[in-house]
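All chains, please: the whole structure from these sequences, using the hints.
If you read the first sequence in numbering that gives the first Met the number 0, its first letter stands for residue 0, the second for the next number, and so on.
Quick caveat, the hints were computed from the structure, so don't treat them as lab data. Do not take every clue at face value.
[Said to hold, decoys possible] Below, simulated SDA-like cross-link-like pairs (lysine to any residue); rule was C-alpha separation at most 25 Å, straight line:
1. K91 with D121
2. K91 with K63
3. K141 with D121
4. K111 with V92
5. K6 with H31
6. K102 with K141
7. K16 with D105
8. K25 with L83
9. K21 with N85
10. K43 with V54
11. K111 with D121
12. K141 with L167
13. K37 with G191
14. K16 with T97
15. K63 with K102
16. K102 with A77
17. K7 with V54
18. K111 with S123
19. K141 with L83
20. K141 with Q234
21. K101 with K25
22. K37 with R145
23. K16 with R164
24. K6 with K101
25. K16 with V92
26. K16 with R145
27. K63 with V92
28. K49 with A77
29. K111 with C88
30. K63 with L18
31. K109 with L90
32. K101 with L147
33. K109 with I218
34. K141 with S153
35. K141 with D105
36. K37 with E59
37. K37 with L53
38. K21 with A77
39. K16 with P69
40. K58 with N85
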Amino acid sequence: MRRFPRKKITSVERAGKHLLIKLEGKLCLVIHLGMSGKMLLLPKSSPPPKHTHLVIHFKEFAEKLCHNDPRRFGYIHAVTGDGLRNLDCLLKVGPDATQLTKKRFDRMVKAKHRMIKPLLLDQSFIAGLGNIYSDESLHKAKIHPRRLSHTLRSSQLDSLRLAIRTTLRQAIVAGGSSLNDETYLNVDGELGRFQLQLRVYGREGERCFHCGRTIRKIIVSSRSTYFCPRCQPAQKR
DNA sequence: CTGCCCCCCTGTCCGC
DNA sequence: TGCGGACAGGGGGGCA
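Written as structure tokens, this is what we have:
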């Protein structure tokens with residue numbers, strides 16, 4: 000990793016699942032946390048934890064910011080000048096999941112002939128949704144994860160769009176989802192609380208809070224997928 | 001275009 | 001107590 004000494008951070012932004020730390024002089028760090036990545040503020044004096052790949056030192060704070068990622072599925076790009084606008088991983092970022100308009104979402108989804116869950120996970124289609132929040136959104140909207148996108152009615156698409164927005168908003172308020180292995184921690188090293196509100200994700204064999212039916216787990220496009228067979232029935236054919 | 005399979009990597013958990 | 005296998009919040013690539 001190159002060194003960018005004595006640069007002031009001018010802004011911190013987000014593009015889908017990418018974190019953008021912009022520095023003076025058209026420098027930018029583009030960070031993706033992958034599955035196990037964390038950004039942790041730690042005391043200057045403490046040794047960086049195992050699997051720390053980048054440390055940002057601050058002149059005026061008592062902490063340093065450590066990027067930690069045991070599985071190394073994440074990455075960091077350091078770009079200069081026009082590099083940011085040409086960065087391949089950013090060019091592929093679709094419209095943000097929290098900013099979807101009814102008109103556009105309808106048009107986008109109906110134009111595809113794909114199962115809805117993998118479509119929601121496709122970051123070039125919609126940016127920001129991962130496995131947990133896709134399942135939660137589909138349950139909230141009462142849509143089966145294998146439902147084909149072009150067969151969804153407009154009313155269902157509106158339910159889904161709002162379910163996505165609500166799910167993400169609630170998850171953010173709750174500080175994110177820290178599952179059993181506590182891989183997710185916020186920048187202060189604290190656990191999230193949204194795992195306590197999950198309605199389907201990770202609840203195989205437990206009862207649906209809405210109808211009481213047993214939550215099932217299936218594999219959809221090689222991702223674990225949780226849903227309620229009664230609330231989210233498969234499409235009749 | 002879409003789905004399916006494999007890969008990347010480390011840590012944890014479960015059954016034997 | 002050890003050991004092998006399955007699995008995990010993501011994403012990319014090859015192939016049918």
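Structure-based check of all given hints:
Pair hint K91 plus D121 holds up; C-alpha atoms about 10 Å apart against a cutoff of 25 Å. A hinted pair counts as satisfied when its Cα atoms are at most 25 Å apart, and K91 with K63 does not qualify at roughly 31 Å. Using a Cα cut-off of 25 Å, the hinted pair K141 and D121 holds, with the two alpha carbons roughly 20 Å apart. Between K111 and V92, the direct Cα distance comes to roughly 17 Å. Compliance with the 25 Å bound is thereby established for this hinted pair.
This hinted pair checks out: K6 and H31 have alpha carbons roughly 21 Å apart, not beyond 25 Å. Proposed proximity of K102 and K141 is supported: the alpha carbons are some 20 Å apart, at most 25 Å. In summary, the hint linking K16 to D105 is supported, as the alpha carbons are separated by about 23 Å, within the 25 Å threshold. The straight-line distance between the Cα atoms of K25 and L83 is roughly 9 Å, inside the 25 Å bound, and the hint therefore holds.
About 15 Å separates the Cα atoms of K21 and N85, which keeps this hinted pair within 25 Å; it holds. In summary, the hint linking K43 to V54 is supported, as the alpha carbons are separated by about 10 Å, within the 25 Å threshold. For the suggested pair K111 and D121, the alpha carbons sit about 12 Å apart, so the restraint of at most 25 Å is met. For the suggested pair K141 and L167, the alpha carbons sit about 17 Å apart, so the restraint of at most 25 Å is met.
For the proposed pair K37 and G191, the alpha carbon gap of about 13 Å is at most 25 Å, so the pair holds. For the hint linking K16 to T97, the alpha-carbon distance of about 12 Å falls within 25 Å, and the restraint holds. The suggested pairing of K63 with K102 is violated, with an alpha-carbon distance near 44 Å, which exceeds 25 Å. Under the criterion of a C-alpha separation no larger than 25 Å, the hint pairing K102 with A77 is inconsistent with the structure, at around 36 Å.
At roughly 15 Å between alpha-carbon atoms, K7 and V54 fall within 25 Å of each other, so this suggested pair holds. For the proposed pair K111 and S123, the alpha carbon gap of about 13 Å is at most 25 Å, so the pair holds. With a C-alpha separation of about 39 Å, the suggested pairing of K141 with L83 is violated against the 25 Å cut-off. About 11 Å separates the Cα atoms of K141 and Q234, which keeps this hinted pair within 25 Å; it holds.
The hinted pair formed by K101 and K25 fails the criterion: a straight-line CA distance of about 36 Å is larger than 25 Å. Taken as a hint, the K37 and R145 pair is broken in the structure, with Cα atoms around 31 Å apart against an allowance of 25 Å. A C-alpha spacing of about 16 Å is found between K16 and R164, which places the hinted pair at or below 25 Å, so the restraint holds. Straight-line distance between C-alpha atoms of K6 and K101 comes to about 42 Å, which puts the hinted pair past the 25 Å bound.
With a CA separation close to 9 Å, the supplied pair K16 and V92 stays within the 25 Å bound. Annotation: proposed proximity of K16 to R145 holds, straight-line Cα distance about 24 Å (limit 25 Å). Of the supplied pair hints, the one linking K63 and V92 is violated, its CA atoms being roughly 29 Å apart against a limit of 25 Å. Taken as a hint, the K49 and A77 pair is honoured in the structure, with Cα atoms around 22 Å apart against an allowance of 25 Å.
For a cut-off of 25 Å, the pair hint linking K111 to C88 stands: about 22 Å separates their Cα positions. Distance hint between K63 and L18 is fulfilled; the C-alpha atoms sit about 17 Å from each other, no more than 25 Å. A C-alpha spacing of about 23 Å is found between K109 and L90, which places the hinted pair at or below 25 Å, so the restraint holds. As the CA atoms of K101 and L147 are separated by approximately 19 Å, the hinted pair is consistent with the 25 Å bound.
Among the hinted pairs, K109 with I218 is consistent with the structure: their alpha-carbon atoms are about 23 Å apart, no more than 25 Å. Between K141 and S153 the alpha-carbon distance is near 14 Å, which keeps this suggested pair within the 25 Å criterion. Taken as a hint, the K141 and D105 pair is honoured in the structure, with Cα atoms around 17 Å apart against an allowance of 25 Å. Among the hinted pairs, K37 with E59 is consistent with the structure: their alpha-carbon atoms are about 22 Å apart, no more than 25 Å.
Between K37 and L53 the alpha-carbon distance is near 11 Å, which keeps this suggested pair within the 25 Å criterion. Distance restraint check for K21 and A77: the Cα-Cα separation of roughly 10 Å lies within the 25 Å cut-off, and the hinted pair is therefore satisfied. For the suggested pair K16 and P69, the alpha carbons sit about 18 Å apart, so the restraint of at most 25 Å is met. Our distance criterion of 25 Å between C-alpha atoms is broken by K58 and N85, whose separation comes to about 31 Å.
Taken one by one, the earlier hints fail for this structure at numbers 2, 15, 16, 19, 21, 22, 24, 27, 40, listed in ascending order.
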